[in-house]
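Dock chain B against chain A, hints included.
There are 2 protein chains.
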Amino acid sequence: MTDRADLCRELQDTWHRDIPLAAAMAIGVVNYDGHTLAVRAPLTPNRNLHGTAFAGSLFSLCVLTGWGVMWLGLKERGASGLIVVADSHIRYRKAVSGDLVCSCTTEPAAFAASVEQLVASGRTRLALVCTIDADDKPAVIFEGTYVVHAKHEH
Amino acid sequence: MTDRADLCRELQDTWHRDIPLAAAMAIGVVNYDGHTLAVRAPLTPNRNLHGTAFAGSLFSLCVLTGWGVMWLGLKERGASGLIVVADSHIRYRKAVSGDLVCSCTTEPAAFAASVEQLVASGRTRLALVCTIDADDKPAVIFEGTYVVHAKHEH
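In order, the protein sequence lines correspond to chains A and B.
Using my numbering, you'd call the opening residue of the first sequence number 134 and step up by one each time.
Using my numbering, you'd call the opening residue of the second sequence number 134 and step up by one each time.
This is chain A alone, in the form it adopts within the complex (with noise of 0.2 Å):
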């Protein structure tokens, strides 16, 4: 597995190169077997004025966590593409008080037909479930649509 160890971390490194608000929240890759993802953030620079998590970093770690396991998931198949997030849906359904830590499963049937619809299209969407427990019980439940468009590289 020690390419999906090198992979994940060159998302790490994307993210903390490139998306200085996923610095700012430390986030790190926990574990990915090839279809869930689970990153992790800790609460210190993540908190509210309640001292819980913010939701902004609630979502913004679901948001990311989604975008990696599509990352991952490309990469794997040695496909690429621009990823980005058109639409999404949080609930917040009792507060995190501890770290935060997200995990996100891809369908293998319908991350398969996505990547086609890529490679032929140039286009693709796919609805992904990321989820934040706390206490073992879902703490966040957040519904992204995430739309891929082939990269032109020039």
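Do not take every clue at face value.
If chains are identical, the list can't say which one is meant, so a pair holds when it fits in one copy or spans any two.
Said to hold, decoys possible - Subject to a maximum C-alpha distance of 30 Å in a straight line, what follows is the list of computed BS3-like cross-link-like pairs (lysine-lysine):
hint	residue 1	residue 2
1	Lys208	Lys284
2	Lys284	Lys227
3	Lys284	Lys270
It is worth saying that the hints were derived from the structure and are not from the lab.
Using the frame of chain A, we list chain B on its own:
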């Protein structure tokens, strides 16, 4: 309008002191007229890897602007409470390639009813819409539901 200017300064200080991500985003209050709050964040600390505004920064700016207009409105009416966002939906219509400026307006009758309910029952909720324009067109549309709990000072 000294009171309003003081309140806006207090709001901005609260954000920078108690929410590290708001400080990292370098957000600042632009204007508040009693109904509409405008908040700005420079692009540089809020960029993504495409050089435009990061989706998480855009969301965070919206969620804080909505929170801020509620906080200011409550303060101006001598009320207060713990304000949290419960649910939100954000649509990204186009990329934002300059500074991020968000505005949120409360509807006077709905806001007054909400304050009355807070005073009467100790709890209220209010739906708000925040927008960020790019090239004079709506680029980001955020709809959030905020819940306010009356504070019990000990």
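Against the structure, the hints:
For a Cα distance limit of 30 Å, the shortest separation of Lys208 from Lys284 inside one copy, 13 Å, qualifies, whereas the shortest one across copies, 50 Å, does not. Taking the shortest alpha-carbon separations for Lys284 and Lys227, only the inter-copy value of 18 Å comes in at or below 30 Å, while the best intra-copy value is 39 Å. Proximity of Lys284 and Lys270 under a CA criterion of 30 Å is satisfied inter-copy only: 26 Å between copies versus 39 Å inside one chain copy.
Consistency note: the structure conflicts with none of the earlier hints.
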